[in-house]
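In terms of our numbering, the sequence shown opens at residue 10 and continues consecutively.
Hints were generated in silico from the structure; no laboratory data involved. Among these hints, one or two may not hold up.
[Stated by the list, open to error] Here are the simulated EDC-like pairs of lysine to aspartate or glutamate, each with C-alpha atoms no more than 20 angstroms apart in a straight line:
#1 Lys208 <-> Glu335
#2 Lys362 <-> Asp318
#3 Lys208 <-> Glu150
#4 Lys208 <-> Asp441
#5 Lys134 <-> Asp296
#6 Lys362 <-> Asp345
#7 Lys342 <-> Asp290
#8 Lys124 <-> Glu137
#9 Lys208 <-> Asp444
#10 Lys342 <-> Asp296
#11 Lys208 <-> Glu145
#12 Lys124 <-> Asp318
#13 Lys133 <-> Glu145
[Said to hold, decoys possible] Cβ pair distances, simulated, as ranges:
#14 Trp478 <-> Arg293: 41 to 51 angstroms
#15 His226 <-> Gly344: 19 to 29 angstroms
#16 Gly344 <-> Ala142: 31 to 41 angstroms
#17 Asp290 <-> Ser449: 40 to 50 angstroms
#18 His292 <-> Asp244: 37 to 47 angstroms
#19 Asp474 <-> His146: 17 to 27 angstroms
#20 Arg293 <-> Ile432: 34 to 44 angstroms
#21 Gly344 <-> Ala527: 56 to 66 angstroms
#22 Arg393 <-> Gly344: 44 to 54 angstroms
#23 Met439 <-> Ala394: 51 to 61 angstroms
#24 Ala348 <-> Thr162: 13 to 23 angstroms
#25 Asp290 <-> Gly234: 39 to 49 angstroms
Note that the structure is predicted; figures quoted are calculated from it, not measured. We put the CB at the ideal spot given by N, CA and C, even for glycine.
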Amino acid sequence: MRGAFGQIIRNLIGDRGDGVERIPPTASNRRRNEANRPIRQRRRRQEEVQDDDIESTEHAHMEEDVPQPPQMEHAADDVHDTSAHADESDDAADIDDQDQQTGFPGGPTDCGSLKVITHGLKLKKFAEVPMLAPVEHWIQESGLMHLSSGYLTMADAGLISAFVGRWHREINSFHLPFGEMTITLDDVATLLHISPHGKIFDAPLNMNTNNAARAAHEYLGATWGVQYRLQWLRDLYSRLIQTNQFECAARTYLLHLVGCTIFSDKTHMRVVAKYVTLFIDLHRCRDYSWASAVLVFLYDNLGDGVVHDTRQLGGYMTLLQCWIYEHFPRICKRGDRGAVPAHLPRACRWTAKHVVKGGLMAYRRRLDALLLEDVVFTPYDDDRANHPFVSISMFSGYLLCGGVSVPYLPERCLRQFGRIQCIPYDVHPMSDNIDWVWQSTMRSSVETFRRLYLVATFPVEVTADYYAWYISVSHPLILPPSTIAPSSPHTTVAAHAGPSSSAHAGRDHRDRRDRSAAELAHRALDMVTPFSEIHDILSELCRLYDD
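Work the whole structure out from these sequences, hints included.
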C-alpha cells in the first residue's frame, strides 16, 4: 500500500528520476507497455496492479459517471467533462460484475456496447469563436484545417461495437464473412482530406512529464500541467486572442483540434501535453504524415477495444463511422448530403441517423449475414476527380506515432485496391527504425505491391484457394447459428465464403424460401398454355419442389 501511495505522489510531482514519461496505469496502457516495453512492464507489473485498485476506489467516491443512452452517445460538451476520471477507471473496475453476465458458451463474456464519443459538438462550439487572420494563416499552413469541418455529432455505439468485435489487433483488419477489410491511408486521406505524405512523429527521447509540461508552458503560454481539458483550451484560446499572442493561440487551437479528432482518447475531454511538440515550429506542421498518425491512434485503440474488460473506445469515431457508411451502405441508417465540393473532406457528405432497432445484436446479425453485394470495396471511384487515389496507401510495413507502432498491411485487403485477393504473406517482424523504413522504402514497397498483385477483372475477384484458407484461419461468424434470426432482411449466408459458412444459412430460412418458390411455380404453371415448352419447364420445376 505504501508503494502505491508513493507512486501517486510521483505522479503528482511529475518526477520519476529516470527520465521516462509516467504512463497512467489504465488497462489499455498496460497492454501497450506489454507490447512495446516488455522489460519495463515486467518490472512494474505488481506496482501497477496496486495502483489500479486504489485509483478505481478513489474515483468511485470522487466523481459520478453521467449516464448515456444505451446505443447512441451524444457528443455533449460539459456533461462529459464531469466524468473524465471515471471514464479512465472504467477499464480496470467492475471485473467481478462482468463475470456475472451471460456470455457465449465456452467463450469470453459479452460486455455489450462500448462507450464511444464523437466531439462534433465541441468542434462546432469552438468554430463559433472568431478566428483572426494571423491565427487562420497558421491553421491553414498546418494542413489540419479540414478536421474542423468534417465531423459527426453523434456516434452509433452499437454499430461501432459490432465492428470492433471483428477487429484483429495482430494484423489490424476486420474479419468479415467474406474476408478481411481495413481502414487504409487512402480512406483517411479521402474522408478527412489530410495528407499521408511526410515524416513520422515520434515523441522526443527526453519527453518526460516535466519536459512535456515545460513545452506546453513555453509554447502555449499555459499553466504547468501534463494534460489539458478541452474546455480549458478553448478558454485559453480566447485569452490569447485578446492579448494578441497569435502563435500561442494557433498552437492552442491545433492542440484542441487534434484532441477532439485524431488523438481523441478514452478520457473524452482531455489531451496530453506532449502533443504540443508537434506544433512548436508552426512552419513545419505540414511536414508530418497526419494520415498515418490517425491510423496509428485508431488501430491502437481498436486493438484495446477487443479486450473483454474494455468499456470505452478511443480514437477518431467520425472516421470509423464514415468508413462504415462508405463501404457498408445497407447495414445501417445514414444521412446523405450528396456530393461535397472538392475543397472539403468527403466525411462532410454524411450525417448520423438514429440507431437500428435492436442495437448491437441487430448489427451483429447483419454482419454475420453480409454478402459481397452488400459491400462497396472501392466507394470513391466516382469521386476521384476531387479526391485522387493516394498511391502511398499501398505501402506495406509498420506505422509509428508518438512511440506507438502498428502493422499496416494492405495486402490483406486487396479488393479495396481493385486487386485480386490472394492468400497474404505472414507479417514481417518490426524494424528497429520504422521512420527510416517509411522514408526510404516507401516507393519500392508501392512498386512491389503493384507488381505482385494483379488488377481484378471484377470487383470481388479472389484466387481459387483464398476462401478455403480464410475459413481455416479465421472465424467469419460472431453469433452461434441458433441465435441468427430468420427474419433478418439480409440473406444469412454467402455461398462464396466457403463450405464452413453453409451451415450459417439457417434451415428455417431455406425451407420458407423453397415453399415460396414452389408456390410461385405452381401459380405460373396455371397461367401458361398446356403442352407448351414453358409449361413443361414449369411442370418439371414443380415436381422438383414437390419431391
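Going down the list of hints, with the structure as the test:
1. Lys208 <-> Glu335: violated, 28 angstroms
2. Lys362 <-> Asp318: violated, 29 angstroms
3. Lys208 <-> Glu150: holds, 16 angstroms
4. Lys208 <-> Asp441: Between Lys208 and Asp441 the Cα gap is close to 16 angstroms, so the pair holds against 20 angstroms.
5. Lys134 <-> Asp296: Distance of about 28 angstroms is beyond 20 angstroms: violated.
6. Lys362 <-> Asp345: holds, 10 angstroms
7. Lys342 <-> Asp290: violated, 42 angstroms
8. Lys124 <-> Glu137: violated, 28 angstroms
9. Lys208 <-> Asp444: holds, 7 angstroms
10. Lys342 <-> Asp296: Since the Cα atoms of Lys342 and Asp296 sit roughly 37 angstroms apart, the hinted pair is violated (cutoff 20 angstroms).
11. Lys208 <-> Glu145: Status violated; Cα separation ~24 angstroms.
12. Lys124 <-> Asp318: Holds: Lys124 and Asp318 sit about 12 angstroms apart, inside 20 angstroms.
13. Lys133 <-> Glu145: Answer holds: Lys133 to Glu145 is near 16 angstroms, not above 20 angstroms.
14. Trp478 <-> Arg293: 41 to 51 angstroms: Because 45 angstroms falls inside the window, the suggested range holds.
15. His226 <-> Gly344: 19 to 29 angstroms: Because 43 angstroms falls outside the window, the suggested range is violated.
16. Gly344 <-> Ala142: 31 to 41 angstroms: holds, 34 angstroms
17. Asp290 <-> Ser449: 40 to 50 angstroms: violated, 23 angstroms
18. His292 <-> Asp244: 37 to 47 angstroms: Given a distance of about 27 angstroms, which is not inside 37 to 47 angstroms, the answer is violated.
19. Asp474 <-> His146: 17 to 27 angstroms: violated, 56 angstroms
20. Arg293 <-> Ile432: 34 to 44 angstroms: 42 angstroms Cβ-Cβ, so the 34 to 44 angstroms window holds.
21. Gly344 <-> Ala527: 56 to 66 angstroms: Hint violated: Cβ distance 41 angstroms, outside 56 to 66 angstroms.
22. Arg393 <-> Gly344: 44 to 54 angstroms: violated, 24 angstroms
23. Met439 <-> Ala394: 51 to 61 angstroms: Since the Cβ atoms of Met439 and Ala394 sit about 38 angstroms apart, the hinted range of 51 to 61 angstroms is violated.
24. Ala348 <-> Thr162: 13 to 23 angstroms: With a Cβ separation near 21 angstroms, Ala348 and Thr162 satisfy 13 to 23 angstroms, so the hint holds.
25. Asp290 <-> Gly234: 39 to 49 angstroms: Violated, since Asp290 and Gly234 (Cβ atoms, about 22 angstroms apart) do not stay within the stated range.
Figure legend: structure checked against the earlier numbered hints; hints not met, in rising order: 1, 2, 5, 7, 8, 10, 11, 15, 17, 18, 19, 21, 22, 23 and 25.
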